[in-house]
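Number of protein chains: 2
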Amino acid sequence: MATMAAKRTEAAAVERAVGELLARFGNKVVTSQAVREQHGHTTTWIPNQPPDAVVFAAATEDVQDTVRICARHGVPVIPFGTGTSLEGHVNAPQGGVSIDTREMNRVLAVHAEDLDCVIEPGITRKALNEHLRDQGLFFPLDPGADASLGGMAATRASGTNAVRYGTMKDNVLSLKVVLANGEVMKTAQRAKKSSAGYDLTRLIVGSEGTLGIITELTLKLHGIPEAISSAVCPFPTVDAACRATILTIQTGIPVARIELMDALQVKACNAYSKLSLKETPTLFLEFHGSQASVAEQAERFGEIAQEFGGGPSEWTTKPEERTRLWQARHDAYFACVQMRPGTRALATDVCVPISRLAECVSETQRDIAEMNLVAPIVGHVGDGNFHTSLLIDMDDRAEIERAEEFLERLAKRALAMDGTCTGEHGVGQGKMKYLKDELGEPTLEAMRAVKRALDPQNIMNPGKIVAL
Amino acid sequence: MATMAAKRTEAAAVERAVGELLARFGNKVVTSQAVREQHGHTTTWIPNQPPDAVVFAAATEDVQDTVRICARHGVPVIPFGTGTSLEGHVNAPQGGVSIDTREMNRVLAVHAEDLDCVIEPGITRKALNEHLRDQGLFFPLDPGADASLGGMAATRASGTNAVRYGTMKDNVLSLKVVLANGEVMKTAQRAKKSSAGYDLTRLIVGSEGTLGIITELTLKLHGIPEAISSAVCPFPTVDAACRATILTIQTGIPVARIELMDALQVKACNAYSKLSLKETPTLFLEFHGSQASVAEQAERFGEIAQEFGGGPSEWTTKPEERTRLWQARHDAYFACVQMRPGTRALATDVCVPISRLAECVSETQRDIAEMNLVAPIVGHVGDGNFHTSLLIDMDDRAEIERAEEFLERLAKRALAMDGTCTGEHGVGQGKMKYLKDELGEPTLEAMRAVKRALDPQNIMNPGKIVAL
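First to last, the sequence lines map onto chains C and L.
Its first residue numbered 1, the first sequence is counted upward by one per residue in our numbering.
Its first residue numbered 469, the second sequence is counted upward by one per residue in our numbering.
Here chain C stands alone, though its shape is the one from the complex (with noise of 0.2 angstroms):
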């Protein structure tokens, strides 16, 4: 079956959807290969498997037109928000058709008394988080990426602020999904909770396209904190800082950001984002609450940081630095990439329970020294979820496969901790291989018979989690 699977659909096949879809959209259709490419564009060293048409969708008609012609041919759909994904999720392994749904970007409702808003899917985190500023609300979860919150949803996104705010999982309330059949489905009202049947809304979120294609979303909202305090704060060693994160979480201080970056990463930081921090691992903080709350949790936090030899913490309320010292964050990635010129970055994480966290975190830089590579460290650490950005030389065939190892090596190693290959990077193509030893057979047959029961025909995103 895994073979069949990998087939490309029936060049025919894909002419006729691919020429009724022209008749039904015109020039929102695009068949030219750099466009196409792009659509296949994985951020990774997973090669590039271009669709073989892309539709601009403008609304759910649009998505479910398209399915429907595509089902009918037996041609894949896999959907498409900004690309930023890491484990080759908008790849066509198959073939088939891309729907874009950055057309898609409309605020359609705030509530701003029930906390919610209702949207389409290609708006990204960053203009969501500009419409509501005006009414003192915000969107928690910060991936990085100024991803889509469609694909967010997709993926089950999470990122910097989980630690306080949970994943994509937890801020959903609803969802409008175009089904394999091309109906819509809708996955729950707008209530704050329900128990009425089964939690299709959390089904849906992480299924990366496999179940369906997300074009509405209600998402929770909150209210923009009265103050917020950023810090970055130097320990001794990395086991030092997370045992403190620990104590932090313990203690119910809560943190809304606890961020670990080592000793590698902070130096690349500091030269790529022209900041002055000491080369020791380093946590960034940041605490949101009332004025008072704020002071509290970070005079706390300073006293747990002590008693681990941490400190001194540099703390700023100053929206400008603050926003300096999170983009620097955020670019992390970038400032990897500067380190060694040349080479491809390549972005994986896995999670384990925190109280592994230093152990596992530590045991993978030495694998990276023994291994001869060269990737710095950075993690969510108040969730037990850590990257590694390895900076690999693609024209060293030996560095490459050293490579290889070293992730094959960090997933188990994840794995044999309780954790998990993936935290919030998905499955894509580039994890499927672990999810037997992460789960076990009975699960994974029980996730394939969910995808057949949903998607009979395999044209939903085709390739991606789970193999049927």
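A hint or two may mislead.
Partial pick of chain L residues on the chain C-facing surface, computed with a CB cut under 7 angstroms [claimed, not checked]:
{"id": "1", "residue": "L600"}
{"id": "2", "residue": "P780"}
{"id": "3", "residue": "P821"}
{"id": "4", "residue": "T890"}
{"id": "5", "residue": "G908"}
{"id": "6", "residue": "M915"}
The calculated lysine-lysine pairs, modelled on DSBU-like cross-linking and capped at a C-alpha distance of 30 angstroms, are [claimed, not checked]:
{"id": "7", "chain 1": "L", "residue 1": "K746", "chain 2": "C", "residue 2": "K220"}
{"id": "8", "chain 1": "C", "residue 1": "K412", "chain 2": "L", "residue 2": "K880"}
{"id": "9", "chain 1": "L", "residue 1": "K904", "chain 2": "C", "residue 2": "K433"}
{"id": "10", "chain 1": "L", "residue 1": "K654", "chain 2": "C", "residue 2": "K186"}
{"id": "11", "chain 1": "L", "residue 1": "K594", "chain 2": "C", "residue 2": "K186"}
Calculated from the structure, these hints are not laboratory results.
Just so it is clear, CB atoms sit at the ideal spot from N, CA and C, and this is done for glycine as well.
Knowing the structure of chain C, use the given hints to seat chain L on it.
Okay, now just chain L, sitting in the frame of chain C:
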């Protein structure tokens, strides 16, 4: 199909299955009328439909063997925790075998650093919290009844703390589930977040035993707050209490509980719990945090209450007074029953966007008065969720008919306000008829497809959530 599903399983098949179960489990299989009826007990006016036999399971393997034996003969299996669900979840409309999990009540591990624990499904929330107290940890969810945690997960329960700590969907990290084929599925590793494929954890939470039977849970825990303070705050009207609640949430005050009782419910509680509260719409509140933060939260809430003509609040931080207060809140149901002796109390709940809550509660009160019914109201108003406890004279056919009409109107009112027919009680048998109006046919068809995929024989708690 719906009529077939309602048909009782063939007697000969049941006999063969029970024979095999007796051979396997001996006196752990009980077929006495009393025990069977107890396991079909529904706590409401839904008629008792007892199973044909009850198996007292002591381990996952017992559940697997029971499911395998029943599957071989096409006999339904119905999981049973404490039988405190409210919509006929444990009934056996087609007969079959109830699997009682109360003996599976061990705490398998507590990971204090990770703030999680691994438990068996039969342990109740109070027993778990007893176990955790020495370590300074607690599991916050509190649906009132001392329900089993397996049952709470299966029905996606929540309760008074959900406004701060979320529902069961937010507090289950991973599940071990016996599937219809007898295999055991692990839904996730123990990491705090993951994007490793379909969110089967959330698919099982709220599936009411219709997709599998939970035999192990990994739950998130929280540190017992340094300070807790509770209050009661009277308001002139339900509307004023709701408006104060909305502003409290919007302002970002991290209230742990915010509960509404209408005047009639306060009267019932005064009588039952020997309180002397003013008989007017009243909010019960609780704040968790540090000493300073709890004091600040209380002060800010006080200011908001005053804006809406509420207060003065009566505050307490003394554990025994807090317990007395919340015991009264939890005894609201019994207080209702005593209000009109000889009647049957029927608890139902709906949930609407919080902006519609005041309107929904007020219209419901008007309905109660106009229909000449007695039905105090309590609500988890921070979530837009409220309950009515209808007190029905079961000898008065006309009153029963009015009550039925009232329930129908209440559900439809919530749906018209973009709410749900069931905020936290689940669907069971009682609310199946509203799901199509709430979610639409494509969504129901998706639920049926998932159900058929994971339970092709329709033996897992059939006749609940969706009819096949």
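Violations among the numbered hints: 1, 2, 7, 8, 9 and 11
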